[in-house]
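There are 2 protein chains.
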Amino acid sequence: MASHGVEEMTMKQVILRDYVSGFPKESDMYITTASIKLTVPQGSNRVIVKNLYLSCDPYMRHRMAKQLTASYIDSFKPGSVISGCGVAKVLDSGHPNFKKGDIVWGMTGWEEYSLITAPETLFKVQHTDVPLSYYTGILGMPGMTAYAGFHEVCSPKKGDYVFISAASGAVGQLVGQFAKLLGCYVVGSAGSKEKVNLLKNKFGFNEAFNYKEEPDLDATLKRYFPDGIDIYFENVGGKMLDAVLLNIRNHGRIAVCGMISQYNLEEPDGVHNLMDLVKKRVRMEGFLVADYYHLYPKFIEMVLPYIKEGQIVYVEDMAEGLESGPAALIGLFSGRNVGKQVVVVAHE
Amino acid sequence: MASHGVEEMTMKQVILRDYVSGFPKESDMYITTASIKLTVPQGSNRVIVKNLYLSCDPYMRHRMAKQLTASYIDSFKPGSVISGCGVAKVLDSGHPNFKKGDIVWGMTGWEEYSLITAPETLFKVQHTDVPLSYYTGILGMPGMTAYAGFHEVCSPKKGDYVFISAASGAVGQLVGQFAKLLGCYVVGSAGSKEKVNLLKNKFGFNEAFNYKEEPDLDATLKRYFPDGIDIYFENVGGKMLDAVLLNIRNHGRIAVCGMISQYNLEEPDGVHNLMDLVKKRVRMEGFLVADYYHLYPKFIEMVLPYIKEGQIVYVEDMAEGLESGPAALIGLFSGRNVGKQVVVVAHE
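Those protein sequence lines, which keep their order, are chains A and B.
For what it's worth, UniProt numbering labels the leading residue of the first sequence as 1, then goes sequentially.
For what it's worth, UniProt numbering labels the leading residue of the second sequence as 1, then goes sequentially.
So that you can see chain A by itself, here it is in the shape it has in the complex:
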């Protein structure tokens, strides 16, 4: 594609059909075709990219709903292409930071090519000697989330008892490995035997359990943490949080990253044991990765050697083709994915 050309390409897009309430379905989205010019108009500072890998993330559920009040993130528009984090290759650029051939990651459209109207939000990929899809996960937003949530919010120290829910997911698998590297005792929960095996045998957690097989989560946590929990990395909310509150230790910390078990409920579950925050002087803190990107260079410097030396591993669940996107995205909410869910739009 010559940058002086004005040819239009036909491409596929994933469109939100209408605002979603309750559990999202594949049919809440549909695939359509659209045309796009693969050149940036003269004088524009925009960037045209070819999307390679798209990231499926739980927070996207909020964007599928009509926001009733101002929120930290906008809703998708019914009838329009949805967006999310992705890895892409620059085809044409009017922005001085990017040139044709660069690999970038950041917010892009769920479509084959995207016109990026705010290219200053893109990160240029400096290290291409790792799988590029990692920039949707360990080297992208989920990685940064795990790093900031664990190191900046949890105040971790060697020997802490750490519990992680949704522990085999994009963020959880990393939090557990960071905690192990620091010398913590780490237990994770997940929703299948396969995931529990991953946690124990691939990610090196001390212990792991399948929450679906545990009718009494309080008793379960007492079994894995007879001396209580110092740090809870919260990804699920609801009943698990209530059980953790009963088992957290004095001066415990709860970093609230998300509450995926709650996103599709009409009314979120009630959490009953908050008085334990007082009795045990617990700090419970919500965070958003967007507040921590100033640490991204430091994070990359830390994590890349670990990846290259095999001290940190990362499991991805690859869905091939943009058409597989809607199913991959909604699969997050039933836990169908094993590891980080990625949609492969193109391999390069």
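Just so you know, these hints were derived from the structure itself, not from any lab.
No incorrect hints appear here.
Copies of one chain are not kept apart here, so a pair can be met inside one copy or by any two copies together.
Below 30 Å or equal to it, Euclidean Cα-Cα: the simulated BS3-like pairs (lysine-lysine) are:
no.: 1; residue 1: 239; residue 2: 280
no.: 2; residue 1: 77; residue 2: 12
no.: 3; residue 1: 280; residue 2: 66
no.: 4; residue 1: 124; residue 2: 280
If you're wondering where the values come from, they're calculated on a predicted model, not measured in any experiment.
On the provided structure of chain A, position chain B as indicated by the hints.
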């Protein structure tokens, strides 16, 4: 009473009848008489005190229940005298820090005289030119609670929007005044018109409301905080907390001091809006005053001049006589008290 004497005195005591579940009743306690020797045995380091003022505090509800698990504080023993914070006069002392005639505050019995077996936990009152009953309140545990909770946990700054529940109580009235002194905008909730008047006209809150007259607390908070809440000083829990979560601002802080609305429920209310902790990056932190007594001298140095200059006022609700103790204590849970509830055992 000569310190070499061995005479026995007959005195009144307040006894817990049995562990309490649900709403405590006056009849959960009874008055009895006991005898006590008002001298410390030779060689003992104990202290004998005459109790002057006893403090009624919400946390005492936990001590009336049978603790099913290890807790930050022991249960009272059925059939035994209950205990709590109080102000007392030393009658005889085997401890080098205390001598006859000293005024002290700290843990003592709900009885006319007490043998203090751990006198190292007592504070010697250095300033007696203020009402001595203040050492059950503004100059004692609740004062220190308000100071530590606000200044150490809430990270307050000038201009912050501050909301306080149970705002006319022993702790709340002080938090509001500390916040005003710092230049915050302060709104309090309480359970009667009289208390609301106190908040606005005596304690100088910017606004106050009677939560019993507000069917939709979310709408109420939106009315008083159109731009949202920066700091919530939490004394009540339940529905109020849920409404605050909807109205707290980005990077808000919730200091959890107590949840009095929940203490008498078989199962605490469910709190549904915890995902707002994430969306708005909120820190919610429980605390216990016991962790902050190293700051007590600094606190006294700060607060005494304010009291003497009338810049901080303190409202007490005095119940006369030890016999009035059970009714005064349970009155906390229906909000019968106006200001800090004190039981006057003796005026000196």
